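> Residues per chain, in single letters:
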Amino acid sequence: GENVEQHPSTLSVQEGDSAVIKCTYSDSASNYFPWYKQELGKGPQLIIDIRSNVGEKKDQRIAVTLNKTAKHFSLHITETQPEDSAVYFCAASKTGGYQKVTFGTGTKLQVIP
Amino acid sequence: DAEITQSPRHKITETGRQVTLACHQTWNHNNMFWYRQDLGHGLRLIHYSYGVHDTNKGEVSDGYSVSRSNTEDLPLTLESAASSQTSVYFCASSELGRTSNTEAFFGQGTRLTVV
Numbered sequence: 769g770e771n772v773e774q775h776p777s778t779l780s781v782q783e784g785d786s787a788v789i790k791c792t793y794s795d796s797a798s799n800y801f802p803w804y805k806q807e808l809g810k811g812p813q814l815i816i817d818i819r820s821n822v823g824e825k826k827d828q829r830i831a832v833t834l835n836k837t838a839k840h841f842s843l844h845i846t847e848t849q850p851e852d853s854a855v856y857f858c859a860a861s862k863t864g865g866y867q868k869v870t871f872g873t874g875t876k877l878q879v880i881p
Numbered sequence: 551d552a553e554i555t556q557s558p559r560h561k562i563t564e565t566g567r568q569v570t571l572a573c574h575q576t577w578n579h580n581n582m583f584w585y586r587q588d589l590g591h592g593l594r595l596i597h598y599s600y601g602v603h604d605t606n607k608g609e610v611s612d613g614y615s616v617s618r619s620n621t622e623d624l625p626l627t628l629e630s631a632a633s634s635q636t637s638v639y640f641c642a643s644s645e646l647g648r649t650s651n652t653e654a655f656f657g658q659g660t661r662l663t664v665v
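Chains S and A supply the protein sequences, listed in that same order. Counting from 769, one number per residue, gives the positions in the first sequence under my numbering. Counting from 551, one number per residue, gives the positions in the second sequence under my numbering.
Derived by calculation from the structure, the hints in this document are not laboratory data. None of these values were measured; they are calculated from a predicted model. Don't be surprised by glycine CBs; every beta carbon is placed ideally from N, CA and C. Some hints could be false.
[As the list claims (entries may be wrong)] From chain A, some residues computed to sit far from chain S (all C-beta separations above 10 Å):
#  : residue
1  : Pro558
2  : Thr563
3  : Glu564
4  : Gly566
5  : Gln568
6  : Thr570
7  : Ala572
8  : Asn578
9  : Val602
10 : Ser611
11 : Tyr614
12 : Ser615
13 : Asn620
14 : Glu622
15 : Glu629
16 : Val665
[As the list claims (entries may be wrong)] Below, a list of computed lysine to any residue pairs in the SDA-like style, where the Cα atoms sit at most 25 Å apart:
#  : chain 1 : residue 1 : chain 2 : residue 2
17 : S       : Lys805    : A       : Thr652
18 : S       : Lys876    : A       : Gln658
19 : S       : Lys790    : S       : Asn835
20 : S       : Lys805    : A       : Asn578
21 : S       : Lys868    : A       : Gln658
22 : S       : Lys862    : A       : Arg594
23 : S       : Lys868    : A       : Leu589
24 : S       : Lys836    : A       : Thr652
25 : S       : Lys836    : S       : Ile816
Work out the full structure: start from the sequences and follow the hints.
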């Protein structure tokens, strides 16, 4: 089955700096890579996703890059703000008919004001 | 607005007791999932369902069961609670995706403590 590794497990940055979270996956058939943000006491919420036919996707201060050859993908947050503090999960899955998502172990991001 | 709700939000139970966690969604989604979240493990899939009367085992299904009698609900049952099942449980739902993946919506979680 799919295995998703995520690094780092914790990350502290100064407000205004950039944050990068990296993930690798094992199943070359995976072609959908969502990122979830989990705030304290809440369930994960999708913030951005990328499909394998795209190398990069950006949404305001958040961007995700995908390297299919190396089987890794990354989340980039620029101009970090205190409200970006949360746990972030990467995930991987395959399309077609049915779906189930394999999650990484999470990164706790702390943005220091 | 459509939503997905879990109940209870917090539960303390004794070892050996049967416990049922409820999950109810009003999105009319075909897919429903149960995950557990533990430090250092992220989210791990327990069981999932692609429609009424359909259930499937995930990677950590031992000691858990689910049933899907309607579209809206997927209750998770711990047959005989064990301390190793102390965790935070999340339910999620998504639309049936045949040619592309669709976003999964998560409930707010149930914190279960087995003593």
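> Checked against the structure, which of the hints given earlier come out wrong?
Structure breaks no hint.
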